[in-house]
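Chains A and B supply the protein sequences, listed in that same order. With numbering that gives the first Met the number 0 applied, the first sequence corresponds to residues 0 to 99, in that order. With numbering that gives the first Met the number 0 applied, the second sequence corresponds to residues 0 to 488, in that order.
Hints may contain errors.
As the list claims (entries may be wrong) - One side of the interface only, derived from the structure: several residues of chain B facing chain A at Cβ under 10 angstroms:
id : residue
1  : 308
2  : 313
3  : 322
4  : 353
5  : 436
Said to hold, decoys possible - To spell it out: a stretch of chain A is covered by chain B in this simulated footprint if at least three of its residues, at any positions, have a beta carbon under 8 angstroms from a beta carbon of chain B; those stretches are:
id : stretch
6  : 22–29
7  : 34–42
Derived by calculation from the structure, the hints in this document are not laboratory data. Positions of the beta carbon are idealized from the N, C-alpha and C atoms, including for glycine.
Chain by chain, the residues run as shown.
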Amino acid sequence: MPASMSTNSDLNLDYVANLARLDLSQAEKTEFAHQLGDILHYVEKLRQVDVTGVEPMAHASPVFNVWEADVARPGLPVEAALRNAPAQRQNMIVVPKVVE
Amino acid sequence: MADDLIFQPAARLAALLAAGKLSSVELLQACVARTKAVDGRVKAFNSYDETGALSLARAADARRAAGQARGPLDGLPVGLKDVIAAEGQPLTCSSKMLANFVSPYDATVTRKLKAAGAIPFGRLNMDEFAMGSSTENSAFGPTANPWDLTRVPGGSSGGSAAAVAAGELPLALGSDTGGSIRQPAALCGIVGLKPTYGLVSRYGLAAYASSLDQIGTMAHTVEDAALLLGVIAGHDPRDSTSFKAEVPDYRAALAAKKGPWRLGVPREFFGAGLDPEIGSAVKQAIEFYRQQGCEIKEVSLPLAAEHAIAVYYLIATAEASSNLARYDGIRYGHRSAAAKDAIDIYAKSRAEGFGPEVKRRIILGTHVLSSGYYDAYYLRAQKVRTLIRNEFTAVLRDCDALLSPTSPVPAFRLGEKSADPLAMYLTDIYTISVNLAGLPGISIPCGFTAGGLPIGLQLIGRPFQEADLLAVARAYEAAHEWHAKHPLL
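Let's have the full structure, built from the sequences with the hints guiding it.
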């Protein structure tokens with residue numbers, strides 16, 4: 000793990016695009032490498048800030064640990080839930096075979 | 000008749016409805032006629048359902064005739080940014096990914112609007128998945144600024160801002176993750192309010208960056224913002240970050256709360272990069288408050304000014320990469336016809352369905368969350384976020400509100416910044432820290448450039464003290480006429 004923030008060359012677009020499950024064209028890779036390089040260079044400035052002993056902040060809401068009773072409630076009917084499915088048959092979503 | 004209704008504040012239209020001088024059907028027809036006349040040029044709407052809205056307007060008129068009107072918004076059309084669900088209506092997020100998606104349920108804000116008798120009308124254009132500051136990142140083409148059709152309306156709620164500014168709708172809802180309500184409101188010369196994080200339910204708002212997203216109001220006047228906020232605010236068990244805050248009568252508070260207030264002016268928000276005409280207009284607004292007897296204090300927010308944008312683009316993209324993982328081409332949304340297996344469906348559907356800015360942010364967010372980079376980027380950004388929040392907390396101890404420009408620049412030309420994402424990000428420099436801190440912020444009109452482009456004044460308040468924030472904003476509005484000026488189209 001790098002001790003400091005990355006240099007631009009640390010962004011491995013092929014590796015990250017695969018993690019994101021997002022195919023990129025060669026033109027996109029060239030453009031993004033340049034643009035994201037600029038942005039990663041810009042955010043390097045955060046290294047100047049002393050964050051010793053500072054708690055990270057996940058969100059700004061003064062709400063924590065929200066509990067709800069475990070009670071069944073009506074949900075969407077099957078037809079409504081499947082209405083936006085790209086492919087469906089017999090109240091199920093059709094997908095390609097995933098197991099050989 | 001229609002011409003008399005265009006640009007009328009919602010409170011005035013509500014009074015006409017209540018007095019029986021106007022019907023909801025007439026009002027809706029006027030909005031539809033205006034939209035048909037100007038939206039070919041403004042392009043604020045992705046779509047609208049005239050028939051469905053007319054039937055709701057007839058129902059509102061019937062309720063009123065029976066003495067059962069539901070309150071001031073009963074019968075008033077309210078536009079929805081195309082990121083807020085309304086049952087049976089399209090929900091595209093201005094993305095090819097959701098081009099054919101139809102909402103199976105209402106967002107909580109939509110349900111509350113309907114319960115108040117308001118008529119959700121139109122799906123308003125935006126930057127794709129709310130990622131952008133110009134409404135140019137829309138799969139359906141950009142929206143134009145009604146004050147100058149060669150310029151952007153701001154973003155990401157540019158369709159909502161332009162529809163109100165162009166007189167197509169009296170009210171609209173937007174969403175604001177880093178300035179996406181306030182900045183387009185400033186660039187279009189209207190009032191845009193981002194409430195405190197947690198005041199308005201996010202249930203049914205397609206998520207971009209969940210710790211920052213907040214739904215808010217776009218309107219002609221502060222009073223209209225107060226009316227609309229009163230309808231949409233309040234705790235919702237369906238949003239676990241929604242806060243059990245008291246919802247006061249915001250409109251009544253406008254009259255009840257009088258200054259003088261203690262107002263802070265963050266020194267760093269007037270530095271390099273601020274357009275001089277905007278700086279001058281905002282300083283005149285500050286001078287107005289001083290003359291009203293308000294105590295004006297110079298305050299300092301060094302970390303917010305210097306680091307908010309970097310913190311934002313790490314946290315927001317990290318959250319976006321996670322939130323947008325749901326668009327996988329399996330259950331809903333675009334599915335690639337070229338894909339051969341399951342993994343291929345994900346990668347190709349997302350490649351075909353998302354536009355360039357969304358892809359950029361997903362890649363950046365995935366990178367900063369990936370093994371080996373998480374601590375250096377994401378965790379560090381979350382810690383600096385704490386420090387920025389602490390800065391605001393400290394200065395708001397002694398100030399009722401903070402005053403600043405909303406945007407450092409007036410509306411820029413279409414295409415001017417679209418090739419340089421970082422330059423585009425920097426236009427949110429005064430608004431972004433407010434989201435990081437979770438505070439309420441409002442932009443109100445405070446003048447025009449020599450070229451006739453609107454200028455916005457941003458007021459930042461204490462958490463859940465929207466009533467105070469609106470009262471401070473109203474004090475300025477009541478003594479000025481900027482909000483009553485409208486574009487010629």
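Going through the hints against the structure:
1. 308: 8 angstroms, holds
2. 313: Interface hint status for residue 313 of chain B: holds (6 angstroms vs cutoff 10 angstroms).
3. 322: Violated - the Cβ of residue 322 of chain B stays beyond 10 angstroms from chain A, reaching only about 12 angstroms at its closest.
4. 353: Status holds, d = 7 angstroms.
5. 436: 6 angstroms, holds
6. 22–29: holds (count 4)
7. 34–42: It holds, with 7 qualifying residues against the three required.
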